[in-house]
Amino acid sequence: MTEPLVRPKRKNPLKRTRLPLSPQGVRSRTAHGLTAAAAEGRFALQVCLDCNTVTYPPRDACPSCLSARLPFRDVDCGGTLIAETTVQTSTDPYFRERTPWRVGTVKLDAGPVIVAHLHGDAVEGERVRLQLKLDKSGSAIAMALPEKDTENMADDVHLREMTCDPKFRRILITDGRNTVGQAMAKAFSDAGASIIFVGIADAWKPFPGLGDLRKIEHVEIVPLDVTDTESVTEQAEQNGARIDIVVNTAEHIRAGGVVDRHGLTVAREEIDVRYLGLTRLAQAFGPILRFRGADGVNSAAAFVNLLSVHALMNWPAYGSYSATEAACLSAAQCMRAELRPGGVKVLNVFFGPLDTEWFQTVPPPKVTPAALANAVVRALQQGVEDAFVGDVAEDIRQRLAVNPKALEREMAT
Amino acid sequence: MTSGTIRKSYEGIVACLPVTIPYRRYSTNSAQWWLGRALHELTKRARLGLKDIDGFAVSSFTVGPDTAVGLTQHFGLSPRWLDHIPFGGASGIVALRRAARAVQAGDADMVACVAGDTNHVDSFRKMLSTFSRFAQDAVYPYGSGGANASFALITKNYMNTYGAKREDFAKICIAQRDNAISIPHAMMKKRLTLDEYMSARPIADPIHLFDCVMPCAGAEALVVCREDTAKSLNLPGVRILSTIERHNAFATDPMQVRGGWELDVGELWSMAGLMPKDVDFVQTYDDYPVISMMQFEDLGFCSKGEGPDFVRSHTLTNDGTFPHNTSGGQLSVGQAGAAGGFLGLVEAMRQLTSQPLGSKVPDANACLVSGFGIINYDRGLSSCAAILARLA
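As given, the protein sequences belong to chains A and B, one line each in that order. Taken in order, the first sequence gives residues 5 to 417; the numbers are from the working numbering. Taken in order, the second sequence gives residues 43 to 434; the numbers are from the working numbering.
Derived by calculation from the structure, the hints in this document are not laboratory data. For glycine and all other residues, C-beta sits at the position ideal for the given N, C-alpha and C. Do not rely on the hints blindly, as some may be mistaken.
[To be verified] Pairs of lysine-lysine, DSS-like flavour, derived with a Cα cap of 30 Å:
#, chain 1, residue 1, chain 2, residue 2
1, A, Lys111, B, Lys207
2, B, Lys346, B, Lys207
3, A, Lys111, B, Lys346
[Stated by the list, open to error] Distance windows between CB atoms, simulated:
#, chain 1, residue 1, chain 2, residue 2, range
4, A, Lys15, B, Ser241, 32 to 40 Å
5, B, Ser120, A, Ala72, 36 to 44 Å
6, B, His162, A, Thr21, 29 to 37 Å
7, B, Ala293, A, Thr154, 29 to 37 Å
8, B, Thr172, A, Asp54, 25 to 33 Å
9, A, Glu155, B, Asp295, 30 to 38 Å
10, A, Asp113, B, Lys346, 39 to 47 Å
11, A, Thr21, B, Lys346, 48 to 56 Å
[Said to hold, decoys possible] Partial selection, computed: residues in chain B whose CB lies under 7 Å from chain A:
#, residue
12, Phe173
13, Arg175
14, Val181
15, Tyr182
16, Tyr184
17, Ser186
18, Gly187
19, Ala191
20, Ala194
21, Asn199
22, Ala242
23, Pro244
24, Asp247
25, Asp420
Next comes chain B alone, as it looks inside the complex (with noise of 0.2 Å):
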């Protein structure tokens, strides 16, 4: 059910200030206390005062009771566009959709978008318990695995359906764990080999430990304004050349094998005006390998099914061919929550900036960021992706 309406471009907005607390594995202080960090280091990094920014969208699991509006008050903002995002990993570019149409609108002129979670040593089990009434009634009381055991029958589906091996899957790991190995605040920055990956220690099978993202905690953020406001800022920024988002779409999958970018990827190619062969790096959201090969089928780089032998294809890696989630990932640098779904988005925009945490992907023009989140009851819920370019 594609509109026929072509859509608005965003020329002229531009996301800049890409921000990063490092993360920690837990930590005692709060969700507020994590976007109050990231918020303050976009307003010292851009000498903006509170009052300059007049639009907040914020994503978080574990600031309830709080929700946006409380967080003006708690961090001394007036904004005059406000949105409350808890899209797990589907939050930055949904953000990011959002604010530019909001800026290109006039409703606001300075967005932050802030990010961030914290882990207490019991919340992580508290959250999977309570995490949908779908989850609560339906998937918790089955083992508690919580997401692992919901991927796992994804991921054995997958491998039933398409032939997929394990070893495709620790490629996609490996090659991640080495574009980490430069980020001072990655979770994981050792190296993994294939024998690693392959003899470690069983979650719920086919998942093995080094398929599993790290929960911890940090805070992303970012400012969506006008490409003039970031110019006379002095703000390096990205283009946005186009974006999609889909939410429960083919529910009548028995199992997921695909996502919602499958019914908009031709929108996002046309739009952008490329093909997946213009990108020059891709940045998916990897909460288990598995999504993120469907991911590479979904958005356009090879035919459903093909997932597999386009991982063999390609290093995956920053000095290789198809640079994919060049800082590491969740699979790497670790899971913060709804932080998650803006550490692509960030990490592409540094890359595009050129002022990478890491390793550098050579001649990086052009990028795909891909978002997926929320696991309410057997499946991701949420998808989305957006084709980010450097400004000329």
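Only chain A is shown next, with the shape it has when bound in the complex (with noise of 0.2 Å):
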């Protein structure tokens, strides 16, 4: 049993804050197979296509056969502990100030042995299940965990380090006005966020839902308007200093290609609201949370994007649309190399046509704001640098994966 966390203490401001470190980022091109595996929560290790070997660490043949047809493909993470150890001296600075830090040998049912981070409920001669986490320098790294889930091992301070968990962490939802922001804000306090900061612009005009939204517990109401410069600048100064995680909730959505809109005006829009938002939140938050991604129990973890999965692929009934989408999700890849250094995370969350009024005339399945907002605390959980929620999002995914272009022609249609 993992001993529960204990709710951090206000902080002393007099005190130094810890700066970030990172563990050795730096892999071979392969091994970065297991990063993308880790991205998505994927326990995926290199298969041998021509004789079926399952192989680590990552190499360019296989020991087996020398075939070079190596990919990587999900496999059984069971195995067993076979040996640990405690790490006391490191040297490495990322480590040192982290000892004693456990780590063990495990033997795959799958067949290969694998060096692994233990969780502190994993038990030497015992099964463990093997997952695929991201690291503070953002490569991939597998941690083994016990065979079944105990009592608050989420908390469990190895494993800490490789998620975003809210629990005891401080979040911004930086549009409150709309449903997918009420949602959110509901699944973070159900997850023991602290604090829950609601972004409203334009506080004097009302909006449904504002009644449900103060009455969730740990949610308090701020001033926030992405579309204005010195508005997020000043939420920043206000409250950027404890803030953990930023969930941008800012959606601007319209139908219409790049053709056959009539002018500029709701392309203006859509790009001011969400990349010029985005750069706004990366600008005044960026440097805070990557300053504070080393802060105690509850450091700086994660920025959280939520973006239409028609970013990965233009859908030309919302084309206009699809395109800001997809500048967003540009700068997301330049932000997960700027907050890197901090051990922050960029999550990108990937959805389909959601079930708001927006998407009124998209015909089902459709992503409920309930689900979107369950699905981003379950991914900053699990640590994950993507996650696609509902079936049009995964029915993108597999296609894109397969035929990139069949899925643009299809898309038309």
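From these two lone chains plus the hints, build me the complex, please.
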């Protein structure tokens, strides 16, 4: 059983903030196959297409038959922890300030032997399951968890280094006017966040759901308008140092393509709310998040982008909207590189059409705001970097992997 | 997969001129400097000119970006036989057996085998993080405990499987320390007590401070030539009775409980025409005491799993039963990178020519030297051994 986390005390403002360090993140190109799997929360190892040998560490020739056909495939993650050690002395500054640190050797049922980080409840000689996670460097590591869930297991200090669990963290939801923002506040409250700042622009303007929003435990409504640089800057100055996870819920969804839409007004609004809104948030909050990446139990952990899955492939019916989402995706990739030195993850959650009024004419399946919000919380708890929510998002992900050109043609109809 | 062919003996070939450049904890000099010192010492003592050295084998971790080729220009050598053997703890014996064959075949007459590394203040950490691709991808990101953590897992598994106790490893370390007392350049030459060993700082459980070697700078070297060449130069030499070498053996063992020696040990003894009881002392590769214990087993001194009992029943000291790592090994003298793979070999040559730096093993006529190296991922991949004897 894991000792439950203790709610962190209010920070002493005179105390120095511990600066973030990263473990060694350099990997061979092949080894980033693990990073790709970890980013989506899958357990994948190289499997030889010619002789079915499962192999690890990542390599460029099969050690059984020398085949070069070694794609990463999802494999069974069960195994036995055959030996463990506790590293007390590390040459690496990141681990040096985190020792004692347990690692162990796991013999996987699938074949290979993997040296892995150990969850506190993983016991030598017993069954474990391995997961691939992204460590603070953004590269994949394997972690051995007990075979069955244990009490408070998410609170394990080693595991929490690899995740962005909202428990005891402070959240900023950038737009609480829409149903997604409101669902998000509820989900984070349920997940044990200690404060949920919910941004509202033009507070004097009433909006549906305000009453319920106020009733959610730990919600604090704050003024924030992502289209107003001053408002974003002010909010960052006010609360930035106590915000650990930013969830950008600002949305702008209108039908219409690029050729067939008249004028630039809507496109400008889309870009202002989504792309420039993200840029404003990134500039105001990014540096503080990055600075606070190792700031104790409630260190800065993540910046969450909610992206239409059509950021990955344009949907001409919502073509201009898709293009703006694609711009946000590109910016998110840049933010990943910029926030990685702080160990802060940029989580992209790709969703299919939402069950909200702006997708009124779109047939099901659709994603409810609550489902999207729960998926965001789950993704943060798992520590993944990319999540796909809903059947449409999953469908597009799979079709993209097979034949992007076919998908491009098919999106037109 | 042992070959059925009878291997040719090393008759007429000797190893001579054991050279040690005294170790230092840290050095601001380069690996090239250390290798150069060793080569210089060789030529001075043999009164050889550079042109007399027509074969050159070099082992080093820190000599990069140079290779053996670049070093020929650096040192003004013009060899007709050249080898680069960055095999860590297996370097010495691998160099010896390759050089011996080259001389035997007439490809070279006088092969200088040199190993050395420097140790800058931060070079050890840098070497760990880039030691191998597998280490970079699959070991270093896991706590960055280096070899300590990897051998901690191997040691733990060995203890779980065969019932070895920390006290057994202590015995190996303490005996080696006793053997090191008279070695002038040993990094550690204060006697070690069981109490000090047991209460030492934990490094990576069950590895504690005195199970670890101290990284340092240093160099070792020797020469391989024909027996008549050595005689004409008045150099005392030792005979090479047999050698073995193996890499990546037992790849499907989930954890390392044995090295490749086990595959080749029969051939080692039969080629030498000796039995384990016939050698007067043994030099194992002692990066961690558990590896020495495995070598006792895999090289035929006892059966697998009997290592702990074997250790309990011997003193392991130069003046007692089963003298082992007679100059203190790396655990006391220090680990000067690839020179660690030469340490036991060079010391064995000294004992067999009655010129040890420290205390003498009485009646030393034959010995076994073994090497072990390159923990690429989760285990040491290279194993080798040689049986050497005093020239009649």
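Hint check: 7 Å Cβ-Cβ cutoff, alanine 191 (chain B) to chain A: holds (5 Å)
Return the status of the interface hint for alanine 242 (chain B): holds when the least beta-carbon distance to chain A is below 7 Å, violated otherwise. Violated: closest Cβ of chain A sits about 11 Å from alanine 242 (chain B), beyond 7 Å.
Just tell me: holds or violated, for the beta carbon distance of threonine 21 (chain A) and lysine 346 (chain B) against 48 to 56 Å? Cβ of threonine 21 (chain A) to Cβ of lysine 346 (chain B): about 54 Å, so the range 48 to 56 Å holds.
Against chain A, run the beta carbon of aspartate 420 (chain B) and see if the smallest gap drops under 7 Å. holds (6 Å)
With 29 to 37 Å as the target window, see if histidine 162 (chain B) and threonine 21 (chain A) comply at their CB atoms. Between histidine 162 (chain B) and threonine 21 (chain A), where Cβ atoms are some 32 Å apart, the hint holds.
When the nearest CB of chain A is found for proline 244 (chain B), is that gap smaller than 7 Å? holds (5 Å)
Has the hinted range 30 to 38 Å been met by the Cβ atoms of glutamate 155 (chain A) and aspartate 295 (chain B)? holds (36 Å)
Holds or violated: is there a CB of chain A closer than 7 Å to the CB of serine 186 (chain B)? At about 3 Å, which falls below the 7 Å cut-off, the nearest Cβ of chain A leaves the hint on serine 186 (chain B) intact, so it holds.
Valine 181 (chain B) as an interface hint toward chain A, with CB separation required under 7 Å: Interface hint status for valine 181 (chain B): holds (6 Å vs cutoff 7 Å).
Mind checking the alpha carbons of lysine 111 (chain A) and lysine 207 (chain B) for me, to see if they're no more than 30 Å apart? Holds, at roughly 24 Å.
Proposed interface contact between asparagine 199 (chain B) and chain A, which counts if any beta carbon pair is under 7 Å: holds (4 Å)
So, glycine 187 (chain B) near chain A? Judge it on the closest CB pair being under 7 Å. holds (4 Å)
Figure legend: structure checked against the earlier numbered hints; hints not met, in rising order: 10, 12, 22.
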